[in-house]
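Engineer: Letter by letter, the chains look like this.
Number of protein chains: 2
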Amino acid sequence: MSIQIKHLVVIGTGLIGGSLALALKRAGCVERVTGVGRSVENLEEAVRLGVIDDFSHDVATAVADADMVFVSTPVAAYTQAFKAMSAQLPEHAIVTDAGSTKQSVVHDAQKYLSHPNRFVPAHPVAGAEHSGVKAAFAELFEKHVCIITPDENTDKDAIEQVQNMWECVGAQITSMRAAEHDDILASVSHLPHLAAFALVNAVRGDDESGDAFRFAAGGFRDFTRIASSSPEMWRDIALCNRDALMQKVDLLQDELKALRVALQSEDGDALLQKFADAKQARDIWMSKYGDKL
Amino acid sequence: MSIQIKHLVVIGTGLIGGSLALALKRAGCVERVTGVGRSVENLEEAVRLGVIDDFSHDVATAVADADMVFVSTPVAAYTQAFKAMSAQLPEHAIVTDAGSTKQSVVHDAQKYLSHPNRFVPAHPVAGAEHSGVKAAFAELFEKHVCIITPDENTDKDAIEQVQNMWECVGAQITSMRAAEHDDILASVSHLPHLAAFALVNAVRGDDESGDAFRFAAGGFRDFTRIASSSPEMWRDIALCNRDALMQKVDLLQDELKALRVALQSEDGDALLQKFADAKQARDIWMSKYGDKL
Numbered sequence: 335m336s337i338q339i340k341h342l343v344v345i346g347t348g349l350i351g352g353s354l355a356l357a358l359k360r361a362g363c364v365e366r367v368t369g370v371g372r373s374v375e376n377l378e379e380a381v382r383l384g385v386i387d388d389f390s391h392d393v394a395t396a397v398a399d400a401d402m403v404f405v406s407t408p409v410a411a412y413t414q415a416f417k418a419m420s421a422q423l424p425e426h427a428i429v430t431d432a433g434s435t436k437q438s439v440v441h442d443a444q445k446y447l448s449h450p451n452r453f454v455p456a457h458p459v460a461g462a463e464h465s466g467v468k469a470a471f472a473e474l475f476e477k478h479v480c481i482i483t484p485d486e487n488t489d490k491d492a493i494e495q496v497q498n499m500w501e502c503v504g505a506q507i508t509s510m511r512a513a514e515h516d517d518i519l520a521s522v523s524h525l526p527h528l529a530a531f532a533l534v535n536a537v538r539g540d541d542e543s544g545d546a547f548r549f550a551a552g553g554f555r556d557f558t559r560i561a562s563s564s565p566e567m568w569r570d571i572a573l574c575n576r577d578a579l580m581q582k583v584d585l586l587q588d589e590l591k592a593l594r595v596a597l598q599s600e601d602g603d604a605l606l607q608k609f610a611d612a613k614q615a616r617d618i619w620m621s622k623y624g625d626k627l
Numbered sequence: 335m336s337i338q339i340k341h342l343v344v345i346g347t348g349l350i351g352g353s354l355a356l357a358l359k360r361a362g363c364v365e366r367v368t369g370v371g372r373s374v375e376n377l378e379e380a381v382r383l384g385v386i387d388d389f390s391h392d393v394a395t396a397v398a399d400a401d402m403v404f405v406s407t408p409v410a411a412y413t414q415a416f417k418a419m420s421a422q423l424p425e426h427a428i429v430t431d432a433g434s435t436k437q438s439v440v441h442d443a444q445k446y447l448s449h450p451n452r453f454v455p456a457h458p459v460a461g462a463e464h465s466g467v468k469a470a471f472a473e474l475f476e477k478h479v480c481i482i483t484p485d486e487n488t489d490k491d492a493i494e495q496v497q498n499m500w501e502c503v504g505a506q507i508t509s510m511r512a513a514e515h516d517d518i519l520a521s522v523s524h525l526p527h528l529a530a531f532a533l534v535n536a537v538r539g540d541d542e543s544g545d546a547f548r549f550a551a552g553g554f555r556d557f558t559r560i561a562s563s564s565p566e567m568w569r570d571i572a573l574c575n576r577d578a579l580m581q582k583v584d585l586l587q588d589e590l591k592a593l594r595v596a597l598q599s600e601d602g603d604a605l606l607q608k609f610a611d612a613k614q615a616r617d618i619w620m621s622k623y624g625d626k627l
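If you're matching them up, the sequences are chains A and B in order. Each residue of the first sequence is one higher than the one before, counting from 335 in my numbering. Each residue of the second sequence is one higher than the one before, counting from 335 in my numbering.
Don't take every hint at face value.
Copies of the same chain look alike in the list, so a pair counts if it fits in one copy or across any two.
[To be verified] Below, in silico cross-link-like pairs of lysine-lysine (DSBU-like), each with a Cα-Cα straight-line distance of 35 Å or less:
hint, residue 1, residue 2
1, Lys417, Lys622
2, Lys591, Lys622
3, Lys622, Lys359
4, Lys591, Lys445
5, Lys622, Lys468
No wet-lab data here; the hints were simulated from the structure.
Build out the structure end to end from the sequences listed, making use of the hints.
Structural biologist: In structure tokens:
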């Protein structure tokens, strides 16, 4: 399958939006890319880097001639973007996105888009430590999973075109319900971020000498790397997926409680079993998917 | 300061013991190294690699002529090692170690060594993903912190010689009380390991599709890397430092509880504050110590 997008509008021209534009251009799958964003400097940089052809600060103006609109702002900004584009969006235009949560996004689309059946919710599971259009690169999505969460009302041709777009940049499409997406991502992404923030705060709050971090080693560095992520972005994701996330926090607390009980009762066998189960699951995961990361 | 060890006996000839022997040999600070261990293959390999000069399976025989004894077995094996060496150890010999917990080790030394004042508890804060003497390398301790935890009864000359030995291989000595060591390491090492095991188990137990790990990305990989550590080793460490570790688990639970309350009440400001505090602490730590890892 191939795709030829005449006019792609990228709302939020950062790492994700910029990388998609670059990859589509390199593959010859897009004719014109318009970037929308708040920072003139960033948008001018995006033009210089060949990521976008032109830009606008006004969503409504930008989308008036769009064939495909890609929303890659933080999820908390979707309401505003959907509201702004709804009246001007051509009937044939497809809207898709890259948000880390999907039920909240579908909710916003149904509420604010005039043709929510042309919206194909998507989440490319890829990222990098740096952000902004300067960090964009065409290979970001290659061999990475892109989850789409259309429902029974989503137009079939819109789904197909969004699939073709992602396959064009090397991503592997998986389709699931939005609720399932949010449940899985709460487990493998949102909970680890919350736990990393919590762990750093636990150490920080207990550090009488003010220097405990000095004795931290590579394991601590890796474990807490995601605690250096954007607080604003993670606040928004946590709030947009709060039901699933609260349930996962409960599961983590249950596991910690079980370990504490084993410690309290000096139950070495229980500790060993728990540690061995975790090691086995993690090792199997790494052997299956580790080379794709 | 320099040191010249005539006869070093390494009990447990793996990554840590092997790397110390290699580094001391390279620096010309040791004349003869005897390895003690259970596996003949590993000890023969250690001789082939030039890590040790000879070996023995019997602790008592090996230490009879020792000037310095370095215990680098898992902490659960110390009791046995101390018991075995006590009767044969020359009076002038110094015993030191590399255990990840210190109060339990001091307790064992006082109980089983005939001259506990010649024991200098130590913990070089270094490690690598691989284990065994094949993984040993002379640079392992360079620029890494080595914590020693002598008390008021420890012989001053023994302390000085152990310090000189570690400085000879490039480590930076820090001295503190054993209880303080165990408290700090519970925070920055033992708790993160427990949390990583708990997190993987939380995801594993909740994975109805059996395939949630497929959607895990780089953050999850790094966060859970330490969950691939040796379950036996971490059972032993957890049990040896259970009081401090239980207290840290409680602190982590408190932090998770606070985040859950913020989620429940949709308190974005509280989430943002918690996340920002953690990011700031982690970023400061990385800028101060990140290059030493």
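Engineer: Now look at each hint and say whether the structure bears it out.
Structural biologist: These are the hints, each one checked on the structure:
no.: 1; hint: Lys417 with Lys622; result: neither (42 Å within a copy, 45 Å between copies)
no.: 2; hint: Lys591 with Lys622; result: both (30 Å within a copy, 34 Å between copies)
no.: 3; hint: Lys622 with Lys359; result: within (32 Å within a copy, 41 Å between copies)
no.: 4; hint: Lys591 with Lys445; result: between (41 Å within a copy, 33 Å between copies)
no.: 5; hint: Lys622 with Lys468; result: both (32 Å within a copy, 26 Å between copies)
When held up to the earlier numbered hints, the structure conflicts with hint 1 and nothing else.
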